[in-house]
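**Q** The residues making up each chain are set out below.
Protein chains: 2
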Amino acid sequence: MSEPRVRPKDYVFRTALTWGAGGRGVVRSEGKPDIEFAAPLEFGGHGGVWSPEDLQVAALESCILLTFLYFAARAGVELAGYSSTGEGTVRMGADGPSFTAFVVKPRIVVAEEAQVEAARQAVHKAEDACLVSRSLGENVEVSLEAEVSAAGL
Amino acid sequence: MSEPRVRPKDYVFRTALTWGAGGRGVVRSEGKPDIEFAAPLEFGGHGGVWSPEDLQVAALESCILLTFLYFAARAGVELAGYSSTGEGTVRMGADGPSFTAFVVKPRIVVAEEAQVEAARQAVHKAEDACLVSRSLGENVEVSLEAEVSAAGL
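Line by line, the protein sequences give chains A and B.
Start counting the first sequence at 1; every next residue gets the next number (this note's numbering).
Start counting the second sequence at 1; every next residue gets the next number (this note's numbering).
The hints are simulated quantities; they were obtained by calculation from the structure and are not laboratory data.
Glycine included, C-beta positions come from ideal geometry on N, C-alpha and C.
Be aware that one or more of the hints could be misleading.
[Claimed, not checked] Label pairs and their computed distance ranges (CB to CB): (1) A:Arg120 to B:Asp128: 38 to 44 Å; (2) B:Gly23 to A:Gln121: 19 to 25 Å; (3) B:Gly23 to A:Met92: 35 to 41 Å.
[To be verified] In silico BS3-like cross-links for lysine-lysine, where the CA-CA straight-line distance does not exceed 27 Å: (4) A:Lys9 to A:Lys125; (5) B:Lys105 to B:Lys125; (6) B:Lys105 to A:Lys9; (7) B:Lys32 to A:Lys32; (8) A:Lys9 to A:Lys32; (9) B:Lys32 to A:Lys105; (10) A:Lys105 to B:Lys105; (11) B:Lys9 to B:Lys32; (12) B:Lys105 to A:Lys32; (13) A:Lys125 to A:Lys105; (14) B:Lys9 to B:Lys125.
Put together the whole structure using the sequences plus the hints.
**A** Right, dumping it as structure tokens:
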């Protein structure tokens, strides 16, 4: 008899939006604060509120962090701090616009010097395992440039 | 002499985040309201704040809307209302998690019956042209199920 295969499990995430007057809308997810949005200034929209492009960068950047935390915890890394910057580049090409690259730069502080290398390995794993990265096209480059240090050094 | 080629133009979108105590973080984009986030409840996180997965669905859903508006405006469609729901399915497969499908369901109201068909065509164009859709992998299915009606009918 063949091995029983593990059945993949699906999780569904839901949002809803309403478009309003003045070129702005609101996007909701049940039980969470509303997010006002608009087209970005660069594409004829508004400043001061989130754009779809900003939300895409935020999705990736926060996914990288949470994926890192998962691998860091498994490796016994005690985290003293984590912040990052993220940027996504949209190319307006002949065949239409698309993200071409994302760069996320985490600054990670671990509790002890002995954990620095394990944290670096967790970053490396997160780069490949983050579910938002994994959902992007093959032509979209995701790179992580992490600085890892130990607290008090 | 050969035609001069149009040079593609790049636009960069930036965010930054800080991870905090209690399994929550804050993601920022300059000049815009902060968004608190956490891993989703389904993956051991918190309810009540946005997750990376929610933000990914919001990015796609809002991008579909704004792309639709672009094509609708070009076709002279006068919009009386637009709302939508969006859902993204994450599959936890043997090789890791990934979005497998997004479904966005717009409810579009146009000012006049004569514009219904043009609005439907604009939806069809938006499905292919949305830059967030175009950045996703080939294995990620994006489908739109739009209801278009005329105001007062």
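**Q** Does Lys125 (chain B) lie within 27 Å of Lys9 (chain B) when you go C-alpha to C-alpha?
**A** Distance ~22 Å between Lys9 (chain B) and Lys125 (chain B) Cα, so the pair holds.
**Q** Within a Cα-Cα threshold of 27 Å, do Lys105 (chain B) and Lys32 (chain A) meet the stated pairing?
**A** holds (21 Å)
**Q** Lys105 (chain A) and Lys105 (chain B): Cα distance at most 27 Å?
**A** Status violated; Cα separation ~35 Å.
**Q** What's the verdict on Lys125 (chain A) and Lys105 (chain A), does the C-alpha distance respect the 27 Å limit or exceed it?
**A** Given pair Lys125 (chain A), Lys105 (chain A) holds - Cα atoms ~15 Å apart, limit 27 Å.
**Q** Next pair to validate is Lys9 (chain A) with Lys32 (chain A); report whether the Cα-Cα distance is within 27 Å.
**A** holds (25 Å)
**Q** Given the hint that Lys9 (chain B) pairs with Lys32 (chain B), does the C-alpha gap stay at or below 27 Å?
**A** Holds. Lys9 (chain B) to Lys32 (chain B) sits at ~25 Å (cutoff 27 Å).
**Q** Quick check: does the Cβ-Cβ distance between Gly23 (chain B) and Met92 (chain A) fall within 35 to 41 Å?
**A** holds (38 Å)
**Q** Would the hint linking Lys105 (chain B) and Lys125 (chain B) be met if the CA-CA limit is 27 Å?
**A** holds (15 Å)
**Q** Would the hint linking Lys105 (chain B) and Lys9 (chain A) be met if the CA-CA limit is 27 Å?
**A** Holds: Lys105 (chain B) and Lys9 (chain A) sit about 24 Å apart, inside 27 Å.
**Q** Go ahead and decide if the range 19 to 25 Å is satisfied by the Cβ distance of Gly23 (chain B) to Gln121 (chain A).
**A** holds (22 Å)
**Q** For the pair supplied as a hint, Lys9 (chain A) and Lys125 (chain A), is the alpha-carbon distance within the 27 Å limit?
**A** Roughly 22 Å separates the two Cα atoms, so the pair holds.
**Q** Within 38 to 44 Å or not, the Cβ separation of Arg120 (chain A) and Asp128 (chain B)?
**A** holds (40 Å)
Checked against the numbered hints given earlier, the structure breaks only hint 10 and satisfies all the rest.
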